[in-house]
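Two chains, two separate frames, one set of hints: put the complex together.
Residue numbers (the working numbering), protein chains in the order written: chain Z, 1 to 121; chain F, 1 to 597.
It should be emphasised that the hints constitute simulated quantities derived from the structure, not laboratory data.
Treat the hints with care, since some could be wrong.
[Said to hold, decoys possible] Part of the chain F face toward chain Z, derived, beta carbon under 10 Å:
{"no.": "1", "residue": "105"}
{"no.": "2", "residue": "106"}
{"no.": "3", "residue": "184"}
{"no.": "4", "residue": "187"}
{"no.": "5", "residue": "188"}
{"no.": "6", "residue": "238"}
{"no.": "7", "residue": "239"}
{"no.": "8", "residue": "242"}
{"no.": "9", "residue": "245"}
{"no.": "10", "residue": "495"}
{"no.": "11", "residue": "573"}
[What the hints assert, rightly or not] The calculated label-pair distances, taken between Cβ atoms and stated as ranges, are:
{"no.": "12", "chain 1": "F", "residue 1": "297", "chain 2": "Z", "residue 2": "63", "range": "25 to 35 Å"}
{"no.": "13", "chain 1": "Z", "residue 1": "15", "chain 2": "F", "residue 2": "39", "range": "49 to 59 Å"}
{"no.": "14", "chain 1": "F", "residue 1": "460", "chain 2": "Z", "residue 2": "67", "range": "30 to 40 Å"}
{"no.": "15", "chain 1": "F", "residue 1": "290", "chain 2": "Z", "residue 2": "62", "range": "18 to 28 Å"}
{"no.": "16", "chain 1": "F", "residue 1": "405", "chain 2": "Z", "residue 2": "67", "range": "39 to 49 Å"}
{"no.": "17", "chain 1": "Z", "residue 1": "24", "chain 2": "F", "residue 2": "68", "range": "19 to 29 Å"}
{"no.": "18", "chain 1": "F", "residue 1": "250", "chain 2": "Z", "residue 2": "90", "range": "29 to 39 Å"}
{"no.": "19", "chain 1": "F", "residue 1": "336", "chain 2": "Z", "residue 2": "72", "range": "49 to 59 Å"}
{"no.": "20", "chain 1": "F", "residue 1": "163", "chain 2": "Z", "residue 2": "63", "range": "24 to 34 Å"}
{"no.": "21", "chain 1": "F", "residue 1": "56", "chain 2": "Z", "residue 2": "4", "range": "24 to 34 Å"}
{"no.": "22", "chain 1": "F", "residue 1": "4", "chain 2": "Z", "residue 2": "4", "range": "49 to 59 Å"}
{"no.": "23", "chain 1": "F", "residue 1": "405", "chain 2": "Z", "residue 2": "92", "range": "50 to 60 Å"}
[Said to hold, decoys possible] Residues of chain Z placed beyond 10 Å of chain F at every Cβ, according to the derived structure:
{"no.": "24", "residue": "6"}
{"no.": "25", "residue": "22"}
{"no.": "26", "residue": "90"}
No residue lacks a Cβ here, since even glycine has one placed at the ideal position from N, Cα and C.
Read off the chains here:
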Amino acid sequence: MRSMFYALTVAVVIAMAFWAYHENYKTQEAQARAEGVQQEISDARARLRMLRAEWAYLNRPDRLRDLAEINFDALGLLEIRPHQFGRVGEVAMPVEDILIIEEPIEVIDIIELRGEGGHFP
Amino acid sequence: MIRTPLRPLARILQARDRGENPDTIERENIRARHEEMRDKSRRRAEGRLFVLGLFFLFAFATIGARMGTLANSEPVEPRAGAAGAQILAQRADIVDRKGRILATNFETHSLYAQPQQMIEPERAADALVKIFPDLERDRLVKDFTGKRKFLWIKRKISPEQKQAVHDIGEPGLLFGPREMRLYPNGALAAHILGGASFGEEGVNSAEVIGVAGVEKQFDARLRDPARGHEPLTLSIDLSVQAAVERVLHGGMTIMNARGAAAVLMDVETGELIALASLPDFDPNDRPLPPSEGLPSDSLIFNRAVQGLYELGSTFKIFTMAQALDLGLVNPSTMINTQGPLRWGKFKIRDFHNYGPELSATKVIVKSSNIGTARVAQMIGVKRQQEFLGRLGLLEPTSLELFEAPNAKPLTPKKWSELSLMTISYGHGLSSSPLHLAAGYATLANGGYKVEPTLLRQPRNQRGAQVISQEAAAMSLRMLREVVTDGTASLGEVTGYAVGGKTGTADKPKTHGGGYYEDKVIATFASVFPAHDPKYVLVVTLDEPSENSGDEPRRTAGWTAVPVAAEIIRRVAPLMGLRPEIEPLAPTGITEVSQLAE
Numbered sequence: 001m002r003s004m005f006y007a008l009t010v011a012v013v014i015a016m017a018f019w020a021y022h023e024n025y026k027t028q029e030a031q032a033r034a035e036g037v038q039q040e041i042s043d044a045r046a047r048l049r050m051l052r053a054e055w056a057y058l059n060r061p062d063r064l065r066d067l068a069e070i071n072f073d074a075l076g077l078l079e080i081r082p083h084q085f086g087r088v089g090e091v092a093m094p095v096e097d098i099l100i101i102e103e104p105i106e107v108i109d110i111i112e113l114r115g116e117g118g119h120f121p
Numbered sequence: 001m002i003r004t005p006l007r008p009l010a011r012i013l014q015a016r017d018r019g020e021n022p023d024t025i026e027r028e029n030i031r032a033r034h035e036e037m038r039d040k041s042r043r044r045a046e047g048r049l050f051v052l053g054l055f056f057l058f059a060f061a062t063i064g065a066r067m068g069t070l071a072n073s074e075p076v077e078p079r080a081g082a083a084g085a086q087i088l089a090q091r092a093d094i095v096d097r098k099g100r101i102l103a104t105n106f107e108t109h110s111l112y113a114q115p116q117q118m119i120e121p122e123r124a125a126d127a128l129v130k131i132f133p134d135l136e137r138d139r140l141v142k143d144f145t146g147k148r149k150f151l152w153i154k155r156k157i158s159p160e161q162k163q164a165v166h167d168i169g170e171p172g173l174l175f176g177p178r179e180m181r182l183y184p185n186g187a188l189a190a191h192i193l194g195g196a197s198f199g200e201e202g203v204n205s206a207e208v209i210g211v212a213g214v215e216k217q218f219d220a221r222l223r224d225p226a227r228g229h230e231p232l233t234l235s236i237d238l239s240v241q242a243a244v245e246r247v248l249h250g251g252m253t254i255m256n257a258r259g260a261a262a263v264l265m266d267v268e269t270g271e272l273i274a275l276a277s278l279p280d281f282d283p284n285d286r287p288l289p290p291s292e293g294l295p296s297d298s299l300i301f302n303r304a305v306q307g308l309y310e311l312g313s314t315f316k317i318f319t320m321a322q323a324l325d326l327g328l329v330n331p332s333t334m335i336n337t338q339g340p341l342r343w344g345k346f347k348i349r350d351f352h353n354y355g356p357e358l359s360a361t362k363v364i365v366k367s368s369n370i371g372t373a374r375v376a377q378m379i380g381v382k383r384q385q386e387f388l389g390r391l392g393l394l395e396p397t398s399l400e401l402f403e404a405p406n407a408k409p410l411t412p413k414k415w416s417e418l419s420l421m422t423i424s425y426g427h428g429l430s431s432s433p434l435h436l437a438a439g440y441a442t443l444a445n446g447g448y449k450v451e452p453t454l455l456r457q458p459r460n461q462r463g464a465q466v467i468s469q470e471a472a473a474m475s476l477r478m479l480r481e482v483v484t485d486g487t488a489s490l491g492e493v494t495g496y497a498v499g500g501k502t503g504t505a506d507k508p509k510t511h512g513g514g515y516y517e518d519k520v521i522a523t524f525a526s527v528f529p530a531h532d533p534k535y536v537l538v539v540t541l542d543e544p545s546e547n548s549g550d551e552p553r554r555t556a557g558w559t560a561v562p563v564a565a566e567i568i569r570r571v572a573p574l575m576g577l578r579p580e581i582e583p584l585a586p587t588g589i590t591e592v593s594q595l596a597e
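For reference, chain F alone in the conformation it holds in the complex (with noise of 0.2 Å):
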């Protein structure tokens, strides 16, 4: 840097010249250079204490940023928070369509015990026995005066149990609390709830899970705690499924069966009203799976849902739906139902013989096994195949159950001319009684599809159509006429206008080999009011026989007829169906006249 002089010879000189004092000029530069000095002073001290209020700034920005977030954040341990109510409402109930309860928690205890805190284990031992009946005594003493330092003793103990253990009086006896499900009903809809137990144990809690049916089906859901407090609402109505339950039980009872089973499913929605399997089980003690005999003999085999069978001439009117959709015939068509019909070694016979020929209506009426066989070949291997996999008859359903995914319908491995006729009245192809029902509901529904579903359902299911409104109406007034004169007579339910196909299948033996001669499953499918569908019945017996007459009878017309009437006669007027007088069909002029339009 370049200092300029206080005193700068040629001013100094030029001022002597001029007589001025040349001091003054010194003067001048040392004050031009002190207001230097103070401009570039202060310049530096501004800097600093622009820096220093940024670091203030900052550090305040930073503090304040702080409590904002810490007064907007939740605190960490809420001390006024609902927390007591979540960890009781640990898994959500289940109730029915109107809301009562089909499943809920009850609080219990559970003993376990510490043997080294033990005075008199002996005594202990006595006492607990006395209890609990089913201890062993000598077990329990090995196990309180051995190395062991903890063991359970009782899961669930009920309050008097737990009073009488406190009596004893032994520091070593603990109780952890415990939350048990309970099913108030007992046995009632034992195979949709299924059951539930405890999985991780702890000493303070359990965790309840679920073992199977819907308990295991929605087990996230009912287990979220952010969801405990909203039941779990199934379609199932309490009371309708306990009439069902009751009447089915009756009629296993006097038609000897072995097993029964029954859906009862709204055509509209697709909701199942009620869904019983018999013989069933109480899901408050859920019996173990079968380690020896058949699994579908064991009592926790959902006939209608896992069990397979081949449902026989109910099949029929699947096949005269096509027949109708694809106007390949029409009611009056006259069918060829000369007998024996021969295919290769196999013939197809009728229960009775029919004539020579009989009308499409009379063939389901009649139930002629060579009937069907004959509209049957008009449609062909493919687009059956095609149809009944429209129809849902195919693949498992998507019912809300566990065990549902795993009932896939048993289908030919070769689907072959011969299928093609057998499957046309029932046979070669097995599917649940749940199946046939959701199959009978796509036809009642006006041809669209509707899935089999256990949860209440705010609207009505609209699926694929998969048959023509008019081919699905033709049908159902097939059924109809199968009630009014035909092999199902004894359906007939004053006021409820039932209309149904019977199926008498003889059973598959066990292990292979033909079939028995004196087992049938017999099934009969329904719908009602006819004219009108609202709901969808399928009854089925196993090994049913009812033995009233000379000899024991086995066709569905005398054993699952009768029983499905009873039902839908007990059970339309908890649904709140009126009975009302069936409108007469259309007569031949009318319908001439509309085709004229």
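Chain Z with its partners taken away, still in its complex shape (with noise of 0.2 Å):
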């Protein structure tokens, strides 16, 4: 009986060395990638700053202005102005199509009929 749990402990020792074996080179590989992980974001976090420099710049405006005036054939931009505000009561309302009568039909015969107390075809 003791030496049948002498074995078992040994066993179960050279179990756990196993396992803590595995579990310490998973932590490592786990904490490399997240290293990695780390690396990829810090290097999006420049992009953007860069991308977010890169559009405040192109949107400064100066530029905008220039542009405005080269396109202004084409796009007809002009500053805004205090007469350009409206109310929403100005703003029409759509007008709704008006519904197409495609096989009309005559009617004044048929009431003509119905006041001589004929009937309907």
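The following block contains the structure:
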């Protein structure tokens, strides 16, 4: 009974050591991966900053104004002026399409018939 | 210790008498003695065990506590921390009120040389001069072949230049990463932002430090690594600032002015929506302070904040507002304007002769120096001084700009009766256009003090009450009349009910000795819409002269006012201000019935 217990203990120790060994390598791998991702994030951040700076540079008011002037023929952009403000009530309602009558039926005769006590066809 | 005998004679004799075996007594005594010895040794052993137990408990507790602290503390070098991100975001961005970037960082490289590693120093020098024409070949050759072990060649180079240097193939030419401050909008808002340069420099990195403006004022905040990711939000609106600078530049050119400044301020929050000073510079390449000439002529001089000028008649409304507040006059009180007004050797004159007397409103509308001086005499030196102090016109503004605390208004050394009169119409006291804007904002904010600020404010300011709401409202009605019937008639912008006051002050000579005949500072301080004030705009032109007529016109009504009107026309829609039909002024009858209630 006692030797059984010893053998079992030794086996458990070996199994635990094996497990710990694997866990160790798995942790190291995960850390390396995390570092890689971290690096990617900081690269992406740097790229984002660069793009933001570029966006701000391309959208600087001087450049937009020059572009609006160069492309005036195509775009016709002017500075916003006070008279361009409007009220919602000033916007015209959309005109609804009038229903198109495709096969007109003559109704005058029918009414006349009814007046004379006649019947519908 | 007294040993009890094993065979006490008395008991043995008694036992013998009774015929018992006396040996039992001896055995009994031996047993008792052994029991005693056993108890004693057990107590000792138990004591030792207790001490040992305590020792182990202590040892385990120590180890346990140590393990606990190790488990709970931050590892010294976090392997999975966001270390890389912080290094990149070295200095926080600066953005405008809508989050558009005003200043950000840009990664570039610096170029340095280690001459002892060079193989062909002369060829490298030749090639470098081809890439950077501003370098001197002889100097480079001398440096490369001399005893120097290290030298900087360029602080900042572009990626193309880096590739070109790389293509030289010289192992002694090395690159270091550099963070560079970039102002993508160029010269826009240059005086607000200031500029940045390198502080401590190393091969692998360099400190970026602010040298002026907001960059210097908030240097510690911008460099704080814990707040590197949150940008500094200013109250400036990029598109409004651009429009103001554009119109101001146009106006400055048309009016042949040397310089110009504009301050646009939100009345309720004190936020500066635009702050312009021309001529300006590119903060990406900030010029050095001038070594000769006047500092106030340099490009880096902020006329709106640092420039102290006598702002002329724009001050009259402060005198009138105080008189209204004190109940000394009301808008229709008649004031003696018979001129000239003599004070000792000094004479006060008006631009035109306005007859024997004018109502208080007309004194402002016609801009009568004599009338204002008479009102000031009613107020007195002490009260005027105290009032201007409460308006903030005697101390530097609290604006968050590095240059602001040095702009302390110039006041007369001795505030005499004559100073009282000249200051009442804006002479003898020099202040910045920003001071003037803050003073007008206080009038427009119902008399509550407004401090100008460059940071986005979450809520309205409500400072100390400087004058009563009624006096403030009456002053605004006077300002409105200046535009409808007075000196600022060109300032009318349909739909925005501009109210304001012009001011034309002769420029004092640089080296003392009176004033120039033909050089003026023309100022227009305005509030719009006058019936429900939202914004204050101050436009100042330095030495303007409008030459379209027969003779040059220099008064503010002809120079600063049309420029300000155009700014309002352009900027008000940008700020979402809808043009409105001005409500009619209350008629005399309603006023009487209100009083009767």
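Hints and how they fare:
At its closest, the beta carbon of residue 105 of chain F sits 7 Å from a beta carbon of chain Z; the interface hint therefore holds under the 10 Å criterion. Because the closest C-beta pair between residue 106 of chain F and chain Z is about 6 Å apart, less than 10 Å, the hint holds. This hint holds: residue 184 of chain F has a C-beta 4 Å from the nearest C-beta of chain Z, less than the 10 Å allowed. Interface restraint check for residue 187 of chain F: the shortest CB-CB distance to chain Z comes to about 8 Å, inside 10 Å, so the restraint holds.
Nearest Cβ of chain Z to the Cβ of residue 188 of chain F: about 6 Å, under the 10 Å cut. The hint holds. Contact between residue 238 of chain F and chain Z, as hinted, is supported at the beta carbon level, the nearest pair being about 7 Å apart and thus within 10 Å. Among the interface hints, the one on residue 239 of chain F holds; its C-beta lies about 6 Å from the nearest C-beta in chain Z, closer than the 10 Å criterion. A distance limit of 10 Å between C-beta atoms decides the matter here; for residue 242 of chain F the minimum to chain Z is near 3 Å, and the interface restraint holds.
The interface hint given for residue 245 of chain F is met, as the beta carbon of that residue sits about 9 Å from the closest beta carbon of chain Z, less than 10 Å. Given the 10 Å rule on beta carbons, the hint for residue 495 of chain F holds: about 5 Å separates it from the nearest Cβ of chain Z. For the restraint placing residue 573 of chain F at the interface with chain Z, the shortest Cβ-Cβ distance is roughly 5 Å, inside the 10 Å limit, so the hint holds. Taken as a hint, the range 25 to 35 Å holds for the pair residue 297 of chain F and residue 63 of chain Z, whose Cβ atoms sit roughly 30 Å apart.
Remark: the range hint 49 to 59 Å for residue 15 of chain Z to residue 39 of chain F is upheld by a beta-carbon distance near 50 Å. At about 38 Å, the CB distance of residue 460 of chain F to residue 67 of chain Z agrees with the hint of 30 to 40 Å. Between residue 290 of chain F and residue 62 of chain Z the Cβ separation comes to about 26 Å, which falls inside the hinted range of 18 to 28 Å. Distance hint check for residue 405 of chain F and residue 67 of chain Z: the Cβ-Cβ separation is about 41 Å, which falls inside the suggested range of 39 to 49 Å.
The hint said 19 to 29 Å for the Cβ distance between residue 24 of chain Z and residue 68 of chain F, and at roughly 23 Å that hint holds. Remark: the range hint 29 to 39 Å for residue 250 of chain F to residue 90 of chain Z is upheld by a beta-carbon distance near 32 Å. Distance hint for residue 336 of chain F and residue 72 of chain Z: a CB-CB separation of about 58 Å, consistent with the stated range 49 to 59 Å. Evaluation of the 24 to 34 Å hint for residue 163 of chain F and residue 63 of chain Z yields a pass: the beta carbon distance comes to about 26 Å.
For residue 56 of chain F and residue 4 of chain Z, the hinted distance range of 24 to 34 Å is satisfied, since their beta carbons lie about 31 Å from each other. The hint said 49 to 59 Å for the Cβ distance between residue 4 of chain F and residue 4 of chain Z, and at roughly 57 Å that hint holds. For residue 405 of chain F and residue 92 of chain Z, the hinted distance range of 50 to 60 Å is satisfied, since their beta carbons lie about 57 Å from each other. Against chain F, the non-interface label of residue 6 of chain Z holds: every CB pair exceeds 10 Å, the least being about 27 Å.
The claim that residue 22 of chain Z lies off the interface holds: its Cβ sits roughly 20 Å from the closest Cβ of chain F, which is beyond the 10 Å cut-off. Separation of residue 90 of chain Z from chain F is adequate, the least Cβ-Cβ distance of about 13 Å exceeding the 10 Å criterion.
The structure is consistent with each of the numbered hints, conforming to all of them.
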